[in-house]
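**Student:** Spelled out, the chains give:
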Amino acid sequence: MTAIILDGIVLGLQFGLLAAGLTLVYGLGGVLNLAYGQIAVLSAMAVLLTMDAGVPVFAAVGIGLVTGGLIGLIFDQTILRPIYRRQGEARVLLSLLLTLGVAFVVDGFLTWRYPFAGLSLQIGGGPIDLLGVPMRRGSIVGSVVILVVFGLLFAFFRGTTLGRAVRSVIEDEEGARLVGIDPSLMLRIILVFSGVLAAVVALTQSMIRPVTVTAGFSITVLALIVTVVGGLGSVSGAFLAGLILGVINTLATSYIGTFLSLIILLVAAAVTILIRPSGLLGVKE
Amino acid sequence: MTERFADATGTSLVGGTERHAAQSLRALVIPVLAMGAVLALVPFWLGDSRVLMTVSILGLAFACYSIGFNLIFGSTGQLFLCVGALAGIGGYGAAIFADTVGLPVIVSILLATLASSLTGGLLSWIAVRRSLGVIFTGIVTLIFALAFQNLLLGLGDLTGGESGFLIESGADSFLTSRIPAFYLMLGLVLVFMVVHGLLRRSHVGWAFRALRDDEVAAELAGVHVARYRVYAALVGAGMLGMTGGLYALTQGRVSPTTYGFAEVDVVVIVMLAFGGIGSLFGPILGAVTFTAINELLVDLGHLRLVPYGALVIVLFLWIPRGVIPTIRDRLRQRRRQRS
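Residue numbers (our numbering), protein chains in the order written: chain H, 20 to 304; chain C, 8 to 346.
Bound conformation, chain H alone (with noise of 0.2 Å):
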C-alpha cells in the first residue's frame, strides 16, 4: 500500500508540474496553450540533439531549459500579439486555434525529421529505500526537482514584488494597470516561466520513461485536464489537483488494472469539475 502511494505521487508531482504552466499563462492572459506539450518536446529534442553532439549532460540540461524558456518569449512576441488584442472568449478560442496550428508545425516537422527519436535520461545507481520501500533512483531525483520547482514558485509569487505584481494581474488586470503594473511585462515573464517549467516537464519524465517526439499531444491534453480540476489560474491548485489524480490513477492501476485506471482517472476528473466548476482551488467567476 505504501508503494502504490509513493508511486502515486510520483506520478502526481509530474501531472501537478505538468499543469503549472497552463494554467499559469491561462490565468494571466486568457491564453489557452495547445502547444504547451510540443514546447516540451522541442525542449527534450534540444537536449537530446545537444547530447548526441557530445556535450555533457548538465550542459545539454541547462540549453534545454533555455531553449524552453526562449520558445515561451517567441510564443510571446510572434503567436500571442494577436490573441492579446481580443477579449473574453473570442481570446480563448483564437488562442486555441492558432497554437492549435503551431502544434501541428512542431508536431509535423519532428516527426518527419526525427521520427524514432526519444529522450530518456539514465539516472545511476540502485534503488533507494523509502519508508522501507526501494524506489527507482529517477523517481526520487525526478521528484525532488519538481518539489524544489514548485517551492521555488510559491517562493517566488508570495515573497518577491515581481510575483506579487504577477499575482495581482491574475486576480484584477485593470487594477494592477492603475496602480503601475504593466499586464504585457509580466505576461512576457509568465511565457518564459511557463517555456522553463514544459522544459522540466519533459526532463523529469526523461527520468522515468523515455519522452518520444509523438509525446506533444498527449502531454497537452493532460495538462489542461489536471488544469481545470485544479482551477485555472492556480498553482497550488495544479499541484493538489496533480496528486489527487496520480494517487487516484496509481490506486486504480494496481487495483482493478490499467484499462480502467484511465477511465477512472477521467470519471475523477470529470466528477470533480461538474461538482465544482471553478476547480479544486480556483476563483469563483
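Everything labelled a hint here was simulated from the structure, so no lab data went into it.
Don't be surprised by glycine CBs; every beta carbon is placed ideally from N, CA and C.
You can trust all of the hints, since none of them are fake.
Which chain H residues stay away from chain C? Per the calculated CB distances, all over 12 Å, these: (1) 22; (2) 74; (3) 149; (4) 171; (5) 173; (6) 178; (7) 193; (8) 201; (9) 207; (10) 227; (11) 266.
With the C-beta cut set under 8 Å, the calculated list includes, among others, these residues of chain C facing chain H: (12) 143; (13) 150; (14) 308; (15) 309; (16) 310; (17) 311; (18) 313; (19) 315.
Starting from the structure of chain H, add chain C where the hints point.
**Tutor:** Frame of chain H, contents of chain C only:
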C-alpha cells in the same frame, strides 16, 4: 425590404412574413441543390480512382460531421470536443448491432443514431444543469471522448481493440462500392443542410440566435435556454452518429482511429472555423477545401502537417470569423455604400 414591411399595417405585415417564409424556403433549397449538383459531378471526374473516391467519401463524411458540430457549437455555443466519440458511437453501434446482434442494417443504423443522439443530449443536459461555460463544456466532453477511446481499446472482445473489426453486414451490397456510397453520403450532406436550414428559419433558429448572442437577455425574453441547448445537442449528435454509422458501413470496417480526437475533432474544428462558424455553407466549404489540401499534400507524409498548420495560423489571423461570413459582410458593406 423589411423596413418597408415595418411601415405597413399589421395585416400586410403578416402577409409579408408568410411570403418571406415561402421565398426563404426556396432561397434555402435552391442553393443547396445547386451545390449538390456540382458535387454530384465529382465521380465523373475522379470515378476511375478508387483511392480518390474513398478520399471524396471521407470528405463528405467530414462535411456531415461539420454540420452536426456547427449545429451544436455554432448555433448554441456548446463546445463539444467529442465529435469523433459521438460518431464512433454511431459507427461501432451500427457495426455491433448489425454483426454481433444480427439486426438488419437499417435498424442498426437507426438504433446507433438514437444512442449517439441520447448521449449528446445527456452531455448537454449535464453541462446546462451545471451551467458550465464554453471551456468547461469543452473539457468535460474532451474527457468523455478520451474515455470512449479507452473503452474501445479496453473492450477488445466487442470492438476488436486496437485493430478494430471488419463489418460483415452489407459487405456485398452497394454500400461498399465507391460511387453509390459517394451519392449516399452526398444525399446525407444535402438532407443535413436542409434540416439545419429549416431549423434556422423556424422559431428554434430565433431562439438559437438569441441565446448565442446574449444568453441572459434571451432567458429574460422568455427563451428556455436550457431546453434549446439540449435540442440542438440531440439533433446534432444524432447527425454525427448517423454519419459515423453510414461511413463505417461504406468502409466495411471500424477502428479507434476512424473516430479519434486528432483524426476527427481537430479536423472538424479547423474546417468549420475556416468555412465560418454558424453559417449554412461554411461546413461544406471547409470540408471540401481541407480534404483537397490534405490530398494534395499527401506525398509529404508527416511533413504535411507543417504547411497544414501554417495555413491554419495564417487563415485565422487573416479571417478569424471564417470565409463565408467575411465575404457576406464585405458584400453587404458594398451594397450599403452603393445605396
